[in-house]
Amino acid sequence: MSENIIAPNPWMILPFGLLLGAIALAPLLVPGWWLRHYPKVALGLGAIPLGYYLLVLQNPDRVRHVAQDYLGFILLVGSLFVVSGGIHIKVKGEATPWTNVVFLLMGAVLANVLGTTGAAMLLIRPWMRMNQYRVTAHHIVFFIFLVANLGGCLTPIGDPPLFLGYLQGIPFWWVAEHCWPMWVTGVGILLAIFYVVDRLNFIRAPRAVRRRETAKETWKFAGLGNLFFLAVILGAVFINRPVFLREGIMLAAAAGSYFTTARSVHEANRFHFHPVQEVAILFMGIFATMIPALDWLDLNARTLLGAHPAAGIFYFGAGILSSGLDNAPAYLSFLSALYGTSGARGMEELLAGNGLNLAAISVGAVFFGAATYIGNGPNFMVKAIADHEKIRTPTFPGFIVKFTLPFLLPMLLAVWFIFFRG
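The opening position of the sequence shown corresponds to residue 303 in the working numbering, with each subsequent residue numbered one higher.
Derived from the structure by calculation, the hints contain no laboratory data.
Fair warning: there could be bad hints in the mix.
Stated by the list, open to error - Distance condition first, Cα-Cα at most 27 Å in a straight line; then the derived DSS-like pairs of lysine-lysine: (1) K522 with K392; (2) K704 with K522; (3) K692 with K704; (4) K392 with K692; (5) K392 with K704.
Unchecked claim - Each pair of labels, with its calculated beta carbon distance range: (6) I308 with V486: 42 to 48 Å; (7) E651 with E691: 47 to 53 Å; (8) W335 with E569: 27 to 33 Å; (9) G648 with V411: 29 to 35 Å; (10) G724 with A646: 17 to 23 Å; (11) I308 with A564: 48 to 54 Å; (12) Y435 with N311: 53 to 59 Å; (13) W475 with W313: 23 to 29 Å; (14) L711 with A570: 34 to 40 Å.
Using N, Cα and C, we set each Cβ at its ideal position, and we do this for glycine too.
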């Protein structure tokens, strides 16, 4: 792992910090300028470390590896976006707070089967329609918390970092066996908090809205033929050889879904490519600029963590890094650090004596991915769809200040105190 990495100049971490700062502040300070120029900012900053690795360090293998990771990431996210956009769930009536809680719980469970991206893209539109008469920022943020992040903590399909662990040799059901108590605790706490917040919102709504919310919900589905393409994508996830076969199958499934879905379904979903386009461009810059940051961390993690770090160190370390980076590479960095600190020579040996630490890395990467818009791929996509529907969503700093700190952080601390404090 780290023995194959060339130490980068620490100054090369600066473009990553600048990009994160731009993503956080530019939409708030100069929204019009950012909407027009974010591709230039992301790709321009990304070109700096790419040029450094290719021309100065002469390490094209590192760039090629990251490019393959990015391609796999964006094709999985994009194909699930296209296929889920071809399934329309028609909802009549308006949801009560209790109905919303049940819906979010179902979405959290479904995320383990469809992945957080698939579940989020399938359910975000009916979720907004269910709450159309009083939908506000907390509906979008708690959907990101539960469906786009925490829900996918039980299977390798659920969230990208867990799938990377599966490819590294972790048994398929290991995560469910060792992380289900954390999943139940985290999801349960957030659902309880959401109910209180949503109940207060419901009470403040006009009487006409509350009367609508007692109406009987009816559900109708269109475009269910896309379940076939969804199954193809999920099956392709487990293909490793030959190179790019998995990505080719995903791309073919997305194309098949798009061209066979009736136009009326796409129109009903108000389907368009802007959300996935924005994610593709921003994460292209993120994947490129984070190369020096991850390499520096990989080379210095053992010094930073100590010889025998406690589970809480891995939980908060992987978690905090996941909230600022995409959680998949953050997971891999701390998995590498766990190998180094444990001295294990293989996955079987690692699991034999470090199960709690590995669970801490897994839960930390998945749970903390909900802390910011860039912590997990679906977060930005959910925000982009909500913005397109003219729903008020918090800014990058507003997300953290108004929702992560008062609502998500207490849950994260409770999970640490109960399971990883020792």
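Next item on the list: Just tell me: holds or violated, for the beta carbon distance of E651 and E691 against 47 to 53 Å?
Entry: Holds: the Cβ-Cβ distance is about 50 Å, inside 47 to 53 Å.
Next item on the list: Could you see if the CB distance from G724 to A646 stays within 17 to 23 Å?
Entry: Roughly 20 Å apart at Cβ, these two residues keep to the hinted range, so it holds.
Notebook entry, point to check: So does W475 sit 23 to 29 Å from W313, Cβ to Cβ?
Noted result: 44 Å, violated
Notebook entry, point to check: Are I308 and A564 spaced within 48 to 54 Å by their CB atoms?
Noted result: 52 Å, holds
Check: Is 53 to 59 Å right for how far apart the beta carbons of Y435 and N311 are?
Finding: This hint holds: roughly 55 Å between Cβ atoms.
Note to self: Check whether the Cα positions of K392 and K692 lie no farther apart than 27 Å.
What the structure shows: Holds: K392 and K692 sit about 19 Å apart, inside 27 Å.
Notebook entry, point to check: Do the beta carbons of W335 and E569 sit within 27 to 33 Å of each other?
Noted result: About 32 Å separates the Cβ atoms of W335 and E569, which means 27 to 33 Å holds.
Item checked: Proposed proximity, K704 with K392 (alpha carbon, max 27 Å) -> This hinted pair is violated, its Cα atoms lying about 31 Å apart.
Note to self: Check whether the Cα positions of K522 and K392 lie no farther apart than 27 Å.
What the structure shows: 5 Å, holds
Notebook entry, point to check: Is the straight-line distance between the alpha-carbon of K692 and that of K704 27 Å or less?
Noted result: With Cα atoms ~20 Å apart, K692 and K704 stay inside 27 Å; holds.
Check: Quick one: are I308 and V486 within 42 to 48 Å, going by C-beta?
Finding: Given a distance of about 43 Å, which is inside 42 to 48 Å, the answer is holds.
Check: Has the given pair, K704 with K522, been kept, meaning a C-alpha gap of at most 27 Å?
Finding: 35 Å, violated
Hints 2, 5 and 13 from the list above are not met by this structure, while the remaining hints are.
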